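Colleague: 1 is the number of the first residue of the sequence shown in full-length UniProt numbering; add one for each residue after it.
Source of the hints: derived by calculation from the structure; they are not laboratory data. As the structure is a prediction and not an experimental result, all values here were calculated from the model. Beta carbons: idealized from backbone N, C-alpha and C, even for Gly. A couple of the hints might just be wrong.
Straight-line alpha carbon distances no greater than 30 Å define the calculated DSSO-like cross-link-like pairs of lysine-lysine that follow [stated by the list, open to error]: (1) LYS261 x LYS325; (2) LYS34 x LYS97; (3) LYS319 x LYS430; (4) LYS27 x LYS97; (5) LYS435 x LYS325; (6) LYS206 x LYS325; (7) LYS457 x LYS326; (8) LYS97 x LYS83; (9) LYS66 x LYS97; (10) LYS322 x LYS400; (11) LYS80 x LYS66; (12) LYS435 x LYS457; (13) LYS34 x LYS81; (14) LYS261 x LYS326; (15) LYS319 x LYS435; (16) LYS435 x LYS326; (17) LYS430 x LYS326; (18) LYS435 x LYS261; (19) LYS81 x LYS97; (20) LYS430 x LYS457.
Label-pair distances were calculated between CB atoms; the ranges are [unchecked claim]: (21) ASP351 x PHE43: 25 to 31 Å; (22) LYS430 x ALA209: 40 to 46 Å; (23) LEU161 x SER200: 36 to 42 Å; (24) MET249 x LEU355: 48 to 54 Å.
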Amino acid sequence: MGARLTSFVRSQLKIPIDSIFYWSDSKIILAWVKGAPGSWKQFVRNRVEEIHQLSEPMQWRYCPTKHNPGDLLSRGCTIKKLKEEAICWHGPSWLMKEEVMWPKQVIKRNAPKEMSLVKLLHVRLDDVARVVSLAERYGRFGRLIRVTAMCLRFVSNSRVLLQCRHFGPLTAMELRNAQMTWYRLIQAETFSSEIARLSSGQELPKTSAIFQLDPFIAEGHLVRMGGRIERSGLSYDARHPIILPHRHMVVDLLVRSEHEKQMHAGTEHTLATLRQNVWILKARTDLCRKWHRYQKKGLLKHFLFERTGVDFAGPLYVKYGKYSKKAYACLFTCMTMRAVHLELVMNMSTDQFLLALRRFVTHRERPSLMQSDNSTTFKAADKEIQRLFSGRNLDQIKEKLSPEGITWKFITERAPWTGGYWERLVRSVKMALRKVLGHALLTELEMGTVLAEHEAKDNARPLTFVGEDPKDVNVLTPFHFLIGREHQEFPEQKPTQGLPTLKQPLNYEADGSTSKDWLPISGNGGAQNTLPYCL
Numbered sequence: 001m002g003a004r005l006t007s008f009v010r011s012q013l014k015i016p017i018d019s020i021f022y023w024s025d026s027k028i029i030l031a032w033v034k035g036a037p038g039s040w041k042q043f044v045r046n047r048v049e050e051i052h053q054l055s056e057p058m059q060w061r062y063c064p065t066k067h068n069p070g071d072l073l074s075r076g077c078t079i080k081k082l083k084e085e086a087i088c089w090h091g092p093s094w095l096m097k098e099e100v101m102w103p104k105q106v107i108k109r110n111a112p113k114e115m116s117l118v119k120l121l122h123v124r125l126d127d128v129a130r131v132v133s134l135a136e137r138y139g140r141f142g143r144l145i146r147v148t149a150m151c152l153r154f155v156s157n158s159r160v161l162l163q164c165r166h167f168g169p170l171t172a173m174e175l176r177n178a179q180m181t182w183y184r185l186i187q188a189e190t191f192s193s194e195i196a197r198l199s200s201g202q203e204l205p206k207t208s209a210i211f212q213l214d215p216f217i218a219e220g221h222l223v224r225m226g227g228r229i230e231r232s233g234l235s236y237d238a239r240h241p242i243i244l245p246h247r248h249m250v251v252d253l254l255v256r257s258e259h260e261k262q263m264h265a266g267t268e269h270t271l272a273t274l275r276q277n278v279w280i281l282k283a284r285t286d287l288c289r290k291w292h293r294y295q296k297k298g299l300l301k302h303f304l305f306e307r308t309g310v311d312f313a314g315p316l317y318v319k320y321g322k323y324s325k326k327a328y329a330c331l332f333t334c335m336t337m338r339a340v341h342l343e344l345v346m347n348m349s350t351d352q353f354l355l356a357l358r359r360f361v362t363h364r365e366r367p368s369l370m371q372s373d374n375s376t377t378f379k380a381a382d383k384e385i386q387r388l389f390s391g392r393n394l395d396q397i398k399e400k401l402s403p404e405g406i407t408w409k410f411i412t413e414r415a416p417w418t419g420g421y422w423e424r425l426v427r428s429v430k431m432a433l434r435k436v437l438g439h440a441l442l443t444e445l446e447m448g449t450v451l452a453e454h455e456a457k458d459n460a461r462p463l464t465f466v467g468e469d470p471k472d473v474n475v476l477t478p479f480h481f482l483i484g485r486e487h488q489e490f491p492e493q494k495p496t497q498g499l500p501t502l503k504q505p506l507n508y509e510a511d512g513s514t515s516k517d518w519l520p521i522s523g524n525g526g527a528q529n530t531l532p533y534c535l
């Protein structure tokens, strides 16, 4: 009550107050106030928390009972005695003296009955099958992973301070950790004896289902497949996929999810996609028999657009009948090879951007990292562009991209030069459209065609220095990584014989140019040749 009254009086007074002290003759109450609220029972805890909100524990001091003016009033007295007691009108005599003359702070430990009884329960769960059976509640692999990621986030947040906790949409790393958690549980349930032998350094018996896969215990206590492609250029997951059993409930959800994600592709296509991360035993027999045989595509040596920068050019004006309407050019650029992809969007809504991103992923490659300007940089941009990358719209974009394994990052705040590798291309698009179109007003189809032609021109620009030696090979361009040769306006007439053998020298020629011309200059100190990520 004293803390509430002081807070009210202080809010009503219009004079500055330097310091406030609270006095009590109860040592137990002072022990409650100066202690942690969580140490007391619920009744005391609630009141101590309110006192801490209205005051500081160091403001509470001890006053002996005989010097407490409130004690006389609480016991009751006559008006005559009240007038004679100076302590009721002027307070204790020592209150007007220096602080060193005040009563000493004597804090008595509270009564044990007011202490909160905390019960700790330690549980060791050895039955992994009971945990895995929880997956029966979810009919989709994506939903199972999201729920698991939220549970893992809750566990992580409960162990750290409030300011260190994570909120908002799930990140790609959180979803991946949830996925690895389920893989680990599945292996512990199915390959328990194999894991025990591998952990102790023993050889597996030849009767083991994973004996021929040369398994080993990798980071995260996951069983991965060995092999002879350790020095290949593939990713670690592709070189050493995680071994999973067949005819398992969670594995079936994974296969179904990947099959639907590949738009119900055939057996070979789905199997090839799955084996980029996991190796399912007898996977071919578990896949749907109705899937048609599909020829496996070869893997590209260079993964273009794996790290992609995003920016917008505009507004552009597109003709709609007698009127014009704003449109924008969405620019995707590869951080490594500087290839460009342009998409026309009719407005800056989240749906339009996600559709443009889907077209980009369909034509090129799904990136693992996307980078763009931050909100500070977009303050000087068009209002529609600024609205797309702010608040709820950006959360919706991240929520759509995280399940696909795409991480979204911003450049350093107040450092726009870190996005110079796409700003230069945006300038190129704007200058070309300004020079070519002038004040011409095009339809949506015509504008899309112009952007496609300009995309081809940008991808035909040289990445290396143009030499004067006529014996030099063709100048290296982004098209050499996109199509394996230089860009041509019209196809060249080639002989029909020996056609399959002509493509291989072109690829070798591009690879040689990469090692000789492109890689050395990419490490120079100039701002134009600096790569944001190592090749």
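Colleague: What hint numbers does the structure not satisfy?
Modeller: 1, 6, 10, 13, 14, 18, 21, 22 and 24
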